[in-house]
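Participant: Single-letter residue listing:
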Amino acid sequence: MPLLAIERLRVEYQTRAGVARALDDVSLTLGDNECLGLVGESGCGKSTLALAVLRVLPPNGRIASGRIVLDGTDVTVLSPRELRRLRWERMALVPQSSMNALDPVYRIGGQIAEAIRAHRSTPAVEARRAAGDLLALTEVHRERIDHYPHELSGGTRQRVAIAMALALGPALLVADEPTTGLDVIVQDQILRRLRELRRDRGMAVLLITHDMGVVAENCDRVAVMYSGRVVEQGAVGPVFAEPLHPYTMGLRNAFPNLLADAAELISIPGSPPNLVEPPAGCRFADRCPFVLERCRTTDPPLVEGAPGHWTACLRWREADELRGRARSGATWQTA
Amino acid sequence: MTRRVLAGSRALVGDPLTAVASVGLAVFVLLAVFGPSLAPHKPFETLSDAGGLPLRLKAPGPGHWLGTTTRGHDVLSQMMHGARIAFIVGVMSAVVAGLIGAAIGLLSGYYGRTVDQVLMRLTDVAFGIPTLPFALIVVGILGPGVLNTIAVIAAILWRTQARVIRSQVLTIKERAYIRAARIAGAGHGRIMLLHIGPNILPFLLLYLALSVAQSVLLEAGLSFLGFSDPRVITWGGMLNAAFEAGAVRTAWWWVLPPGLALSVVVVSSFVVVRQFEEAVNPRLRTV
Amino acid sequence: MGFVLFMIATLMFGMFVLLPGDPAASFVEEGLSRKALERQRELWGLDAPLHVQYLRYLGNVATLEFGVSFRAQVPVREVLVEKFLNSIAMMLPALILIMVGGTVIGAYLGWRRGTAVEKTAVLAGLAVESMPSFFAGIVMLMLFSYGLGWLPSSGMGPSGSGGSFVATVFSSDFPRYAALPVLTLAVRGVNGPMLLMRTSMIEIRGSDFLMLLEAKGVSELRIVRHAVRNAILPMITYFGVLIGTLFQGQVLLETVFGWPGIGRAVVDALAARDFPVLQGAFFFTAIVVVGMNLVVDVLYGYLDPRVRVTGDEVRA
Numbered sequence: 001m002p003l004l005a006i007e008r009l010r011v012e013y014q015t016r017a018g019v020a021r022a023l024d025d026v027s028l029t030l031g032d033n034e035c036l037g038l039v040g041e042s043g044c045g046k047s048t049l050a051l052a053v054l055r056v057l058p059p060n061g062r063i064a065s066g067r068i069v070l071d072g073t074d075v076t077v078l079s080p081r082e083l084r085r086l087r088w089e090r091m092a093l094v095p096q097s098s099m100n101a102l103d104p105v106y107r108i109g110g111q112i113a114e115a116i117r118a119h120r121s122t123p124a125v126e127a128r129r130a131a132g133d134l135l136a137l138t139e140v141h142r143e144r145i146d147h148y149p150h151e152l153s154g155g156t157r158q159r160v161a162i163a164m165a166l167a168l169g170p171a172l173l174v175a176d177e178p179t180t181g182l183d184v185i186v187q188d189q190i191l192r193r194l195r196e197l198r199r200d201r202g203m204a205v206l207l208i209t210h211d212m213g214v215v216a217e218n219c220d221r222v223a224v225m226y227s228g229r230v231v232e233q234g235a236v237g238p239v240f241a242e243p244l245h246p247y248t249m250g251l252r253n254a255f256p257n258l259l260a261d262a263a264e265l266i267s268i269p270g271s272p273p274n275l276v277e278p279p280a281g282c283r284f285a286d287r288c289p290f291v292l293e294r295c296r297t298t299d300p301p302l303v304e305g306a307p308g309h310w311t312a313c314l315r316w317r318e319a320d321e322l323r324g325r326a327r328s329g330a331t332w333q334t335a
Numbered sequence: 336m337t338r339r340v341l342a343g344s345r346a347l348v349g350d351p352l353t354a355v356a357s358v359g360l361a362v363f364v365l366l367a368v369f370g371p372s373l374a375p376h377k378p379f380e381t382l383s384d385a386g387g388l389p390l391r392l393k394a395p396g397p398g399h400w401l402g403t404t405t406r407g408h409d410v411l412s413q414m415m416h417g418a419r420i421a422f423i424v425g426v427m428s429a430v431v432a433g434l435i436g437a438a439i440g441l442l443s444g445y446y447g448r449t450v451d452q453v454l455m456r457l458t459d460v461a462f463g464i465p466t467l468p469f470a471l472i473v474v475g476i477l478g479p480g481v482l483n484t485i486a487v488i489a490a491i492l493w494r495t496q497a498r499v500i501r502s503q504v505l506t507i508k509e510r511a512y513i514r515a516a517r518i519a520g521a522g523h524g525r526i527m528l529l530h531i532g533p534n535i536l537p538f539l540l541l542y543l544a545l546s547v548a549q550s551v552l553l554e555a556g557l558s559f560l561g562f563s564d565p566r567v568i569t570w571g572g573m574l575n576a577a578f579e580a581g582a583v584r585t586a587w588w589w590v591l592p593p594g595l596a597l598s599v600v601v602v603s604s605f606v607v608v609r610q611f612e613e614a615v616n617p618r619l620r621t622v
Numbered sequence: 623m624g625f626v627l628f629m630i631a632t633l634m635f636g637m638f639v640l641l642p643g644d645p646a647a648s649f650v651e652e653g654l655s656r657k658a659l660e661r662q663r664e665l666w667g668l669d670a671p672l673h674v675q676y677l678r679y680l681g682n683v684a685t686l687e688f689g690v691s692f693r694a695q696v697p698v699r700e701v702l703v704e705k706f707l708n709s710i711a712m713m714l715p716a717l718i719l720i721m722v723g724g725t726v727i728g729a730y731l732g733w734r735r736g737t738a739v740e741k742t743a744v745l746a747g748l749a750v751e752s753m754p755s756f757f758a759g760i761v762m763l764m765l766f767s768y769g770l771g772w773l774p775s776s777g778m779g780p781s782g783s784g785g786s787f788v789a790t791v792f793s794s795d796f797p798r799y800a801a802l803p804v805l806t807l808a809v810r811g812v813n814g815p816m817l818l819m820r821t822s823m824i825e826i827r828g829s830d831f832l833m834l835l836e837a838k839g840v841s842e843l844r845i846v847r848h849a850v851r852n853a854i855l856p857m858i859t860y861f862g863v864l865i866g867t868l869f870q871g872q873v874l875l876e877t878v879f880g881w882p883g884i885g886r887a888v889v890d891a892l893a894a895r896d897f898p899v900l901q902g903a904f905f906f907t908a909i910v911v912v913g914m915n916l917v918v919d920v921l922y923g924y925l926d927p928r929v930r931v932t933g934d935e936v937r938a
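Chains as they are written, first to last, in this note's numbering: chain Z, 1 to 335; chain R, 336 to 622; chain U, 623 to 938.
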């Protein structure tokens, strides 16, 4: 049994324009000690997934259907009390922007200790010591314990957020863009430390990012999301080396250093469809250079194109040929 | 700008509360214009009964639908006359204060540096002046009168507008087209009036509308304390007369009409202004 | 603060020394006591050139020396301290009610946004705040004093008791006399802080850090505490301004409730042309208004660690 199994999850937001389906039948699994990368453009629903797993969606969002099973328990049906017990003990969150995610008027040590004391009857002095240890663990100087968030650099704040997430030794760490906005060197340091901690503590990590490079270096498996759906998933190696979905091929072009030979940076023109009234058929159809007539009418099912490698493209059998064409910038301009 | 005002007008009709408030304001304006000619009696006319005796402190009844005062004056007629002064003082003070505030805010925000320093220190001083005591003393020294009242209210209320307009100008000033105009050699006056002016107009109107209610309240306060021209009837003056005559104990019909009229005018303008504010500044909508 | 007060003193000099012509002449006309007049003449140095008068005036104001009350024949400072304390005796209980009530109700409304209770409260608050304060006071009198006969209508205590400030305020009669003015002040004043706290809570409610607190499995009570602690920051500024505003408006309610406070002193002094008291009362009020702005800055810096270093941001 996997640690986390997300089954046909649908999340909807009530918006002025109508109901937007941010996640549409998303299914994922994550094993113990595994790192699953979740990539896609902004607005594809990857952050929504993170919030849904911890059940902290904003007031206008709700889980419409599907299950989120952690350790065999369906999180979506838990009472607030049961949920509160589960949170942070079994699953913790490293938020998207620790600038806003730490309370600006409380000292960071207090905020870490608060997480511990919300779950365990640890004396304040001990919780504070534990907070110091956790800071040290993420390479933040212990003396920073009494600092306010605004006194720290972006990188340090992010380390604090990770330290806080590790406070109770969760089995699952959901990291939502944990290094976005940081400079490359700091980003590498933090991700390296996160890798080590995962190895030492046997944590599973759901790593949400728009950066394919980050996934390639950190994750075992990857799921590519587009417009509220998983369009391709599998082990990192095969998915990046031989993508079966045109969107993944396009994404790969946007990160040229992933490819041994290609130097050209090609972006995918256009933007994702409206989530309130999504088009019929494949949602990527409007931007896909390889679109066929039937793509616009038939919803492509997720099929296992290679062992353990799934894709939601009707033309997955022609992937080898399409991949070649996708390397050329001209292909994308005609789309 | 036109679009914003249109959006504002649409919002006015959409919300029932705002619709009611708009009606309240409309009645106020109509009263201010036509009230004195429609009123059954002159404000200081003493009503008498058939035997020629003055009708003192009569409860509402035929011929005096809102009752009479201790001097036999018709409360309804006083009410209708009072609307005009409230309207004139409210609007004029707000307009004058708005113009002063806009000018100071515009100059301060546009020129910055020394001009800004001087004008903003001046504004700080204005914020330090206790409003009602200042108005009392000035009116007490200069003597009561509609013009003095307007002048003293305007002399205080401009400070809010000045700060608001200045902060608006500061953001607008940095926009690309303003810079472009400057590079193209447009003069300072031209930039301020033609390029920045239209952008601050919605905010100016908004705060101007807000200060109408403030002016009405200030005028009423001055009149209530007895600092108004005794020859002119005002709502605050009516309450002053009722209070001084000790009629609060008995003559509810003398107290409630002017008090409620003031409250309705103020609450209506708050409601309407807030709706306009949402239209002008869409960011507020979430709140 | 010093500059603002200096400018206000200058403004006063303009109003009192220049506008009414020769004050000495008008005093004589009013048949004022010779002694007080002589004292005033000496204080203002009315025979000296204008700039000397001005400098002397500033010196006097700086030492809060306003001379002797024409009417009461006692130093203005003594008169003012008593009036000021009387005003405080009415404002302080009201302010406490406003702060606590506004914060608690506002926080509740913001947290429970969109419910019928919230909408009703917002409307009711708006309606009450739109009533002119003196009218609200009169309505309170009509209801509770004249109508139901529960509470006295005027003054700080039974007439003729005339004890010291401490004796009056701590007498068992005081609460009954203070109830109506304090309630009127509080009911009208609570709307602003309530709405601000509500808005502030609504803004804070969408914050990422509250989401993270929820994710941390912290109890709702603690989350609300974090929200309130953050939402309360703008309230500090507001309270300072509110104290200033209420203080300036004291004259109206003090008139309605026959309360011998500093606002009433302005009106009485104006009517009696008791210029020393008038200036003193005006300047005293200005000190409160300006002083509150300063207190706000300091307090804000203390409560919001982000502005502690610079302290400039709150000025804007």
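There's no promise every hint is true.
Partial list, computed: chain U residues near chain R (C-beta under 8 Å) [said to hold, decoys possible]:
| # | residue |
| --- | --- |
| 1 | Met-637 |
| 2 | Met-753 |
| 3 | Val-911 |
Hint data in this document are derived by calculation from the structure and do not stem from the laboratory.
Just so it is clear, CB atoms sit at the ideal spot from N, CA and C, and this is done for glycine as well.
Participant: Against this structure, judge whether each hint is valid.
Facilitator: Hints and how they fare:
no., hint, verdict
1, Met-637, "6 Å, holds"
2, Met-753, "5 Å, holds"
3, Val-911, "6 Å, holds"
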